[in-house]
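Let's have the full structure, built from the sequences with the hints guiding it.
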Amino acid sequence: GAVVSQHPSRVICKSGTSVKIECRSLDFQATTMFWYRQFPKQSLMLMATSNEGSKATYEQGVEKDKFLINHASLTLSTLTVTSAHPEDSSFYICSAARVLLILTTEAFFGQGTRLTVV
Amino acid sequence: GENVEQHPSTLSVQEGDSAVIKCTYSDSASNYFPWYKQELGKRPQLIIDIRSNVGEKKDQRIAVTLNKTAKHFSLHITETQPEDSAVYFCAASSVFGPGTRLSVLP
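These protein sequence lines map, in sequence, to chains A and B. 38 is the number that my numbering gives to position 38 of the first sequence; each next residue is one higher, with no gaps. 1076 is the number that my numbering gives to position 76 of the second sequence; each next residue is one higher, with no gaps.
Among these hints, one or two may not hold up.
Quick list of simulated restraints, FRET-style, between CB atoms [as the list claims (entries may be wrong)]:
no., chain 1, residue 1, chain 2, residue 2, range
1, B, His1007, A, Ser83, 34 to 40 Å
2, B, Glu1015, A, Ser9, 15 to 21 Å
3, A, Ser9, B, Asn1067, 35 to 41 Å
4, A, Pro40, B, His1007, 19 to 25 Å
5, A, Glu87, B, Thr1010, 23 to 29 Å
6, A, Glu52, B, Gln1045, 22 to 28 Å
7, A, Asn51, B, Val1020, 32 to 38 Å
Keep in mind the hints are simulated off the structure, nothing from the lab. In this text, a Cβ means the ideal position worked out from N, Cα and C, and glycines have one as well.
Next up, the structure:
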């Protein structure tokens, strides 16, 4: 399968600071990238969907000013958690999708980033 | 928007038995249904997927069926092995179900 690289894998930051997470598709062009948040022993909650060159579409309840998403190229998307607080501590994971056929896509996940805000 | 339900939330089977996980979705426009396996502390891995123009797909011990009319799809694992123990997630396009924790008992 295709390779998606996400960095960093772990980050600890102080409350009030910002953290940037990168998601790269290494061997294919990702038309769409998805950002998820996963709490312990729970499912992946879709935060936002981003298409290259356009603004991200955020899911209901996700603060777009707090979780800034940039999708500047077909191989890179970034998620910036601004003014992080302890409740933002979570596992964040991206997936990059490529189009296989009309209206069908295949998505691959990054390794995930475990964010701890202290 | 899309809503995906998944059952059961936990499933224990004896090694060698079959396991079945079922999902339903709400958006009839969804046309891609992947299944992911997530082991503890690791990223989800795509194990099989099915598209709306197909009713069934099989890959060795894993099979998936799709009923577009009823808007449900299922994952079937035969001859289960201890290494099949993990959390399995279904998805309708980019929306995930809540997951099923499968335990295969030796």
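Would you say the C-beta atoms of A:Glu87 and B:Thr1010 sit inside 23 to 29 Å of each other?
27 Å, holds
If I claimed the Cβ atoms of A:Asn51 and B:Val1020 lie 32 to 38 Å apart, would that claim hold in this structure?
Hint holds: Cβ distance 36 Å, inside 32 to 38 Å.
Just tell me: holds or violated, for the beta carbon distance of B:Glu1015 and A:Ser9 against 15 to 21 Å?
Violated, at about 33 Å.
Mind checking the hinted window 34 to 40 Å against the Cβ distance between B:His1007 and A:Ser83?
39 Å, holds
Taking the Cβ atom of A:Glu52 and the Cβ atom of B:Gln1045, is their distance within the range 22 to 28 Å?
25 Å, holds
Holds or violated: 35 to 41 Å for the Cβ distance of A:Ser9 and B:Asn1067?
39 Å, holds
Cβ distance range 19 to 25 Å for A:Pro40 and B:His1007, holds or violated:
For B:His1007 against A:Pro40, whose Cβ atoms are near 21 Å apart, the range 19 to 25 Å holds.
Checked against the numbered hints given earlier, this structure breaks only hint 2.
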